[in-house]
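Asks: Dock chain L against chain S, hints included.
Protein chains in written order, with our numbering: chain S, 1379 to 1992; chain L, 158 to 505.
Among the clues, some could well be false.
[Stated by the list, open to error] BS3-like mimics (lysine-lysine), calculated; alpha carbons at most 25 Å apart, straight line:
hint	chain 1	residue 1	chain 2	residue 2
1	S	LYS1497	S	LYS1558
2	S	LYS1410	S	LYS1497
3	L	LYS301	S	LYS1558
4	S	LYS1649	L	LYS499
5	S	LYS1584	S	LYS1497
6	L	LYS499	S	LYS1560
7	L	LYS348	L	LYS389
8	S	LYS1815	S	LYS1798
9	S	LYS1524	S	LYS1513
10	S	LYS1560	L	LYS505
11	L	LYS499	S	LYS1749
12	S	LYS1749	L	LYS505
13	S	LYS1569	S	LYS1410
14	S	LYS1513	S	LYS1584
15	L	LYS431	L	LYS348
16	L	LYS301	L	LYS315
17	S	LYS1524	S	LYS1560
18	S	LYS1558	S	LYS1569
19	S	LYS1524	S	LYS1410
20	S	LYS1728	S	LYS1739
21	L	LYS505	S	LYS1562
22	L	LYS431	L	LYS389
23	L	LYS181	L	LYS348
24	L	LYS499	S	LYS1558
[Stated by the list, open to error] Listing some non-contacts, in silico: residues in chain L with all C-beta distances to chain S over 12 Å:
hint	residue
25	TRP387
26	GLU405
27	SER435
No lab work stands behind these hints: they were computed from the structure. Everything numeric in this text was worked out from a predicted model, so none of it was measured. Even for Gly, the Cβ is constructed at its ideal location relative to N, Cα and C.
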Amino acid sequence: MSVTELETGPQAAPAAGRPPVINDFSISVATKNGSGSQTANTTLLRALFKMGIPVSGKNLFPSNIQGLPTWYTIRLNQDGFTARRPRAEIVVAMNPATMIEDHATVEPGGVFMYADDLKLALNRADLTYYPIPAKRLATENETDPKLRTYVANMVYVGALMHLLGIGLADIESALLYHFKGKRKPVDSNMKVVRAAAEWAAANLPKHDPYQVAPANQTDGLIMIDGNTAGALGAIYGGVTLAAWYPITPATSLADALNHYLPQLRADAETKAPSYSVIQAEDELAALGMVLGASWAGARAMTSTSGPGISLMAEFAGLGYYAEIPAVIWDVQRMGPSTGLPTRVAQGDIKLAYYLGHGDAKHVCLLPGSVKECFEFGWRAFDLAERLQTPVFVLSDLDLGMNQWMSEPFEYPDAPIDHGKVLSAADVERLGGFSRYKDVDGDGIGWRTLPGTDHPLAAYFTRGSGHNERAQYSERPDDWERNMARLTRKFETARTLLPAPVLQTMPGADVGLIAFGSTDPAIQETRTRLSAAGTPTAYLRLRALPLRPEVRDFVAAHRVVYVVEMNTDSQMHQLVQLHVPDLAPRVRRANKSDGLPLTADWITDFLTSALEKEK
Amino acid sequence: MTATAAPARPPATNLIGLTKVDYKGLDSTLCSGCGHDSISAQIISACYELGVQPERVIKFSGIGCSSKSPAYFMNRSFGFNALHGRMPSIATGALIANHTLAGIAVSGDGDTGSIGLGQFKHLMRRNVRLLYIVENNGVYGLTKGQFSATADLGQEMKYAGRNELPPIDLCLEALVAECGFVARSFAGDPKQVVPLLKAALSHRGTALLDIISPCVTFNNRDDSTKSYAWGKNHDERINDFTYVPPQEEIRVDYDPGETTSVELHDGSSIVLKKLDGSHDPTDRYAAMRILEEAREKQHFITGLIYVNGDRPGLAEHEHLTDTPLVAFTPEQVRPSRASLDKIMAGMK
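This is chain S alone, in the form it adopts within the complex:
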């Protein structure tokens, strides 16, 4: 194997004569983080989206500010499947540190586009090679030396635009979106894009089969990340205090609150805000502020990730036991411990569900799309106030930080529900009240808010043992009665939570249970399994505690696999606990390597597992 200086242009295409592959391939761009490649990558993604082609974009990035390897993967799929794929047909290598691996992992028969100053053995006969003079074109077209590194990434955008047939107007439109209509940066980037496209037209004869073609499959759709969606949901849910502490991958949720709240929740004339966003000193304080504000009657939330959830444990138990509403977003990343801050997992299921010492358990919402991030964003407040308890929303890094296509979000279909709150007039009419008395049989007491102007309105909130009148009590019967009521309240919660979504096929006796960001991979898996003769049913969970539909689903299928991204099969354990008599037919299908699940892995796993069943 010899190392070749690559100045010769693409080789004769080994794939020449192959039929064109239109709107059905993946592009992976390898760069260094901090090099400005995000602009280039999201521009490509949005341009394809604007062309009407179903796409997804996933950023695989390091926990670092500058200089470590980053990959951005764009998948185009005319059937609408947008899950991550293990390999890409088109790899753009801009990072010398990873080029050997990048080169080795191009899908057979694919394309390897590379910055022409990379030194690498081009020894795969199956690939089409396209060198691009990224540095030279950036230098020639950008006078500001500080910006050259950034715009160098636009060279591959221009080259791909030419080779794949992406519209120039779509690129420009995507750049305008990225720079929020600012002409100057758009023009300087467009200059490089044009130059690169012209250079490619003159120097890179096309030898590969990959093409894009305008379609109408994204008409009416939006593209957004789940953290922004969740923040918007919270705003339309009337969030009034958001207290948070910076942590990857949840920070962009608070960023989005800070971006949209001033536009949406400040008085038109006076600019006075009807909200407050506080960066707390840590996650303990963040949840403390949330509980304090909620107790006082304001809709309050925090957003964090696993390590923050760990710190919030004591307050979560207080919220559960003192019965204070709160909304807690957990944008999950890899754990235990610091884990991998920039990689995805669904590993906080049991942590969040049981957070706190003693018999604490919590309502958890499980959004499976950006649309549900929005919907659960506002619904979480209604549930928290109705149930007077902390509600967790368990998103993850893939859902939260990557761009997803979606139908536009629907405006809340129900008025804001503050739950059972007594006014001064109510207290007067009732002649007082007992904070923790189950007067309605649903386990939920009535509360008053601090400042309620009646001598009998006040009560004393505490995390210590208390009776129905919120007085300190060490009496065994008081304790048991209270916990029995909390259990009853949890049963009420079960009936109010979003029901799981059932999809089935004729003849399906294999069931799949999953939740969250794995949905696209599950959908694709089901199509593949069905084509191979195994129809499946799919129950997508949307909340904890589990609802009766889960039992019905397990009972109706010969074998049920719980697909999830963690090492301990956490949801699998919860499902087995939910149906102990049917537990043997509930199987695990879990993987946790920090990357979004692929349909390839799920399909292979299930095919092999089902083979063993026979």
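Replies: Structure of chain L alone, referenced to chain S:
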């Protein structure tokens, strides 16, 4: 009817027509003679005398003997007995949600000086409008007699032995954190505590009252600086002052020319008697010096150590208006359908 009882004299009432009973709490369960109960009585006196509406007060505490005491004053006020060392964040959230309520927080030296030091400092840094009382006895009572972070270096206690670590001075910590109202007093000195409480309630931000409050069970040996005997014998008042509520004529017992006054944010004022070489409580460096000197010499100085109402409180930082956040209606906190449509259209 031939005999009627003599009409009872109507109980005394305050400015808003409430009796002192209206400010009472539950019976205390603390040890008989506990300094904390004296402080509860003084909070009741201060609020009664000021005519504070109990329903407009929220009480906060952490965990520990001190933190039980909010149950023992002002039953008509809402109370939140939070987590150990984490009360400041609860108070911050509640008072952001409704900054028109008056917050009274009670903590202890363990709750504030050890587990809660971080939240204590950030509370002051944010300048949340809150009267923060530390009932400081230098010892963990509920867990039976361990040294707290304010215990004196070299102090001996029956169970804990000798304390080898220097004390944390909470007034100094508050000053470093830019707290604008710092005072120290002694639970056995209601004449000083009550006016301090009143003045602290008028401060626009966090007001710290570090009140030495003897633990009769675990830390009341005469040689302990947190004992009754020590407090009575060593109390060195650094100033004499009178609190004058807003809109009240200033009438004090001092001769004209002998006084200097500090106006507080709500229009009330503190009138200080000038003493020879006396401490100027508006001088932050002087406040630090006097505290550091007292700490070195183990002098028990009491009085108003520092006052400065210039720094905006959290409500001002957050640009809150007269309408508390909790009072915004559902229509005001949920943006319009059209605004969502516009955002959605922009993401296509």
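Asks: Tell me, in ascending order, the numbers of any earlier hints that this structure violates.
Replies: Violated: hints 1 and 3.
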